[in-house]
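Number of protein chains: 2
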Amino acid sequence: MLIRKAMQKFPSFCGLYKMNSQEELKEGELESFLSAHRPAIDDLLRRRFFYRPSFEIYGGISGLFDYGPPGCALKREVEDLWRQHFILEEDMLELAGTNLTPEVVLEASGHVAKFTDFMVKDEEDDRCWRADKLLVESMKEIINNKDTTEEVKEECRKIKSLADTYKEEQLHEIFTRFGIKCPGSGRPLSYPKPFNLMFGTMIGPSGRQKGFLRPETAQGIFVNFKNLYDYNRNKLPFAVAQIGLGFRNEISPRDGLLRVREFTMAEIEYFVNPSNKDHHKFQNVAAMVIPLFGQEQQELQTPPIYITLEEAVTRKIINNQTLAYFMARTYLFLRACGIKAEGIRFRQHMKDEMAHYSSDCWDAEILLSIGWVEVVGHADRSCYDLTKHAEKSKKNLLAAETYPQPRIVDFIDMKPNKGVMGAAFKAKNQLILAKFQELSELEKASIKHAIEEHGEYELTIGEESFKLTRDMIKPEVTQKSVSQETFYPSVIEPSFGIGRIIYSILEHAFRERTNVKEARSYLYIPPVIAPVKCCVLPLSKNPDFDQFVDQLKETIKRKSLSCEVDDSSTTIGKKYARCDEIGIPFAVTVDFQTVSDHTVTLRETLSMTQVRIPLENVGKVIQKLVFSQMTWENVQCTYPAFATEGSTN
Amino acid sequence: MLIRKAMQKFPSFCGLYKMNSQEELKEGELESFLSAHRPAIDDLLRRRFFYRPSFEIYGGISGLFDYGPPGCALKREVEDLWRQHFILEEDMLELAGTNLTPEVVLEASGHVAKFTDFMVKDEEDDRCWRADKLLVESMKEIINNKDTTEEVKEECRKIKSLADTYKEEQLHEIFTRFGIKCPGSGRPLSYPKPFNLMFGTMIGPSGRQKGFLRPETAQGIFVNFKNLYDYNRNKLPFAVAQIGLGFRNEISPRDGLLRVREFTMAEIEYFVNPSNKDHHKFQNVAAMVIPLFGQEQQELQTPPIYITLEEAVTRKIINNQTLAYFMARTYLFLRACGIKAEGIRFRQHMKDEMAHYSSDCWDAEILLSIGWVEVVGHADRSCYDLTKHAEKSKKNLLAAETYPQPRIVDFIDMKPNKGVMGAAFKAKNQLILAKFQELSELEKASIKHAIEEHGEYELTIGEESFKLTRDMIKPEVTQKSVSQETFYPSVIEPSFGIGRIIYSILEHAFRERTNVKEARSYLYIPPVIAPVKCCVLPLSKNPDFDQFVDQLKETIKRKSLSCEVDDSSTTIGKKYARCDEIGIPFAVTVDFQTVSDHTVTLRETLSMTQVRIPLENVGKVIQKLVFSQMTWENVQCTYPAFATEGSTN
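Same order as they appear, the protein sequences are chains G and Y. If you number the first sequence the way my numbering does, the last residue is 651 and the count never jumps. If you number the second sequence the way my numbering does, the last residue is 651 and the count never jumps.
The following block holds chain G by itself, in its conformation from the complex:
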């Protein structure tokens, strides 16, 4: 985790984050390169055990994957970088909540009622499909059928783009109208039914306490709001982050790591006073330009726009500074992970796509072999979750802000005549007077209006109602001095799908060597997150090399850098190729010269160039390379070049 110095110097992103820009492809080229190489990528990732279907020896379970050694190491590195980039750099609090969640929490958040996809079934053999996905596939088929008229094609395109907005009746109507049947069997599709995506279980031995595996980590933060706010000494704004698992019982998981049933998320909840969503570090990113694919561009089907974040916020394209600030930080993070600039855009949610409580929402999308894929959401969730939990739990989840100076504010004094009221309502009068204290200014205003216009008002408390008359109350606008305000904080939430980011890193890391005798594929993963930082390769099985191999391994591990030794009897060229395949950025070779002068060769994967370097300097140099305190060009200036790649590769 240490000395990720370069990355922290704001706004040094231009240097580090673009380090491999010379290699980058235009959007169109990138997409066609990736889709053409998808089988090769899949083969490499599986063969070298980046990840594989879980429980493969039992036939596997769809939507579940295990990360093997290089995948697991990459995941750790990405999480560490994320923690460095967000939690440490932005002074966030970190929380670790449980995955098991009692029903009441997810009732309050709305997940029990609404976290559903529509499912259709083959009633006979019980196969299930997610209705909107099946609809998209069916529309594609019709569009690609050369007998389809242009008019129908146009309709199908529209249906396809709206597939995830339809309700059950609409889905059923479209399936029926186009005669869509169960894939394979050709039997009729069942009527679409909502299927809740949460995994249920029972907590405790009684069999009565229903629970779920959390569908997102966010709720664990919301239910702890008061504890966290206390921890932060009751100051706003503050951010809480959580890296952990989420579970969704997908109806038909597919696309490998992109749609799975168990996944790692990294979520940030930034609690802020709803009346001021400026961000104190916004100026650090105000001049940045990131591709914005806003509602307007999507409607007009025009490309993303490139304007500064300053302009985007001023023109209200992005709702507020905090949202824009996090989008910038996400962009920098993705670039640091090696995602190509041409493969990143921020797509705004359309108005009908957003939750009703949400004021603005932007997804960071990455261009992959299957097209643009959402990997990070940035949503302004307003105060929805906190109010829901306050309501359900009956706990106070408000924040308070003390004004620098007390403010004079208007308020309505009900001016009750306690004598008259007491005579009319007897024992209930206390209840009514207490109710007055709870009324909002808006409610009091309508009572005032009713009394003044109609002479009476029907006040409801629980199931009872009480008629208030002009002789009982004389509501009057007056003023008071207020030193603080209480409110439900708004929440701005950047939410990262770590598995999707890892898969994106791997696709964008995939390259092919064309400048060597035999074309071959390799991964170029930025050294800071590379799963293994370097490999140590004896040129042959000569026992004289052993002590130097051991010494190198020690030197490198002393710097807390992971390293692998390949002492098999294969050729050095093949050893390089093996290391290249799992994205090891540096290789050190022990050869006959090492035995006589204690120097070794150090090779960089990307350029395949090598230098000759004293063995004792290896650890320090690799450490500096990994943490961007030194470039490969610096190394080449300091140490003599060794051979040419062609000759040793």
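Keep in mind that the hints were calculated from the coordinates and are not lab data. Remember, predicted model here, so these are calculated numbers, not experimental data. Any given hint could be a false lead.
Here are the simulated lysine-lysine pairs, DSBU-like style, with alpha carbons at most 35 Å apart [what the hints assert, rightly or not]:
| id | chain 1 | residue 1 | chain 2 | residue 2 |
| --- | --- | --- | --- | --- |
| 1 | G | 428 | G | 482 |
| 2 | G | 482 | G | 555 |
| 3 | G | 626 | Y | 622 |
| 4 | G | 519 | G | 576 |
| 5 | Y | 155 | Y | 183 |
| 6 | Y | 116 | G | 212 |
| 7 | Y | 237 | G | 559 |
| 8 | Y | 559 | G | 622 |
| 9 | G | 576 | Y | 228 |
| 10 | Y | 169 | Y | 28 |
| 11 | Y | 626 | G | 283 |
| 12 | G | 559 | Y | 318 |
| 13 | G | 237 | G | 353 |
| 14 | G | 283 | Y | 318 |
| 15 | Y | 543 | G | 626 |
Assemble the complex: chain G is given as a structure, and chain Y must be docked to it using the hints.
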């Protein structure tokens, strides 16, 4: 993660790992100190949000806890140190498997049938108890009753010590005999029933694929054995580690983090040829002495013995070098986490306590306020799991080892007379000949014996049997050259309960200041795992201090060290006390002198001593202190002392 240099220099543990030995208490003193301070410890951990019951606003769920900011940071640091100490230092492969696990896997491992505790119930109100725990509590009560005769007490003590070995009939008999009723209601206890501790769920939309949340991470490694063995280029021994969650639906969770329903584990599976369990690094630890509470000591009720690991292995007290090596590494790890030497022992499982397949098992136990608690298990699981999964999945999970030289081995040749056999068995003859290939040498030896002694042998294949006679086969001992052997690897498994370790760290970190005006409690957590490495404290709210506070924060974060700023208006003494309470090892104070000469004070929590140091050196010095590249004494020699704690505290 970087530069944990000192810790890696084997066997430098004598220096670093005993750093606070002057503070340590004898076992008896430690236990009474901890149990006397338990309420204060609980209060501190809750108040400062190290952890709290999950979903507290909804009343909480027993056995589930959330880690707040300092607890979560401590957990990360412990996991990082673990990864450094085990995975990096020991060249382990790391895997990340899923928590959702299909039923078939846990059927194979035996968890579906046997992962149970006995439960008793109050049939009327459905309250449940774990039978063995209730039995222990009941026995304690009887023992503590002054009317109980010495004879009965003696019996109760015996029952108490055997509580977790009883079957349902025995439990029922004892409950009945002693007249034990439901706590609270006094109603009769139900007959004990096994309750499976796994959380069940349904995977996928069909509602037919039963799954569980994994009860341990180990099975995810076993089912991937072949992939991992391939990744390791088919070489043994090798170790695979996994840090992840485990879930157990405890009947009656209690003791805070010590018995919970969702917890983090760190497990290592070391795959080794069963015929040679030596460890190549055993010599590094052979001279270490760790407290061994073996079967003999437990039987004789004598204290643990202190002998070298060399002797323990030679005398077969510990079954093999690999087991002993990992016990030593665990000891070093726990010491690095600040666990006091007097509070660690290794308790061997008694013969009836071990799984039948296990050849030896040692728990690292830590002395806490509630007594000795198991935190790390070290088990030789033999080849149990791999054979079970091979059987169930019908996949080959064998390893092979090629001998340096081919070996000449005895074997029995069945010498079948195919003519005679063909005539007798017709179409079945091929089946019988194939069966001969699969027979073990032991089986062939008994056939040989039977044929020679009795002239015939009844061979069973599936449900059929075939009578082999002297004219059909002439089994004969002969020799062949063998170049490799295939076998199921044995597995040696160190398994760490991270939550239990964290709780132990916190109890052992708890101290009281008696050398200040007002006695107060604090935590001393070793800097390398301290949740927050340092705090920056302006002496007052004077705005002149702001720029220096910002500058310090930057300097410290540049070194990837976490820091907190306390710019509240409280006194500096109170600020120190707040930092001390969450175990922040170093504090930097900005005062009026800072404004004129750009120096600050640096204070160490443990000794409460301070030095005056140039602001620009702070980051570097704290980094070196955290990673044990410098001691506080070094700092005191280099920089002038500042005031005395008494005066500023």
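Review point. When you check the alpha-carbon spacing of residue 626(Y) and residue 283(G), does it fall within 35 Å?
Key: holds, 30 Å
Check your understanding: Given the hinted pair residue 237(Y) and residue 559(G), is their alpha-carbon gap at most 35 Å?
Key -> It holds: about 22 Å lies between the C-alpha atoms, which stays within 35 Å.
Check your understanding: For the pair supplied as a hint, residue 626(G) and residue 622(Y), is the alpha-carbon distance within the 35 Å limit?
Key -> holds, 17 Å
Review point. Keeping to a limit of 35 Å between CA atoms, is the pair of residue 237(G) and residue 353(G) held or broken?
Key: Distance of about 33 Å is within 35 Å: holds.
Review point. Going straight from one Cα to the other, do residue 428(G) and residue 482(G) come out at no more than 35 Å?
Key: holds, 31 Å
Exercise for review: With a cut-off of 35 Å on the C-alpha distance, tell me whether residue 116(Y) and residue 212(G) pass.
Suggested key: holds, 24 Å
Point to revise | Given pair status - residue 318(Y), residue 559(G), alpha carbons within 35 Å | key: holds, 34 Å
Practice item. Verify the proposed pairing of residue 169(Y) with residue 28(Y), using a straight-line Cα cut of 35 Å. Key: Violated - the C-alpha atoms of residue 28(Y) and residue 169(Y) are around 38 Å apart, more than 35 Å.
Check your understanding: Hey, residue 482(G) versus residue 555(G), does the alpha-carbon distance stay inside 35 Å?
Key -> Not OK: residue 482(G) and residue 555(G) at ~73 Å, beyond 35 Å, violated.
**Study point:** Pair hint residue 543(Y) and residue 626(G), alpha-carbon separation not exceeding 35 Å
**Key:** Measuring from Cα to Cα gives roughly 40 Å; hence the hint is violated.
Exercise for review: Assess, step by step, whether the Cα of residue 519(G) is no farther than 35 Å from the Cα of residue 576(G), and give holds or violated.
Suggested key: Holds, because 13 Å separates the two Cα atoms, which is no more than 35 Å.
Check your understanding: residue 283(G) and residue 318(Y): Cα distance at most 35 Å?
Key -> violated, 64 Å
Taken one by one, the earlier hints fail for this structure at numbers 2, 10, 14 and 15, listed in ascending order.
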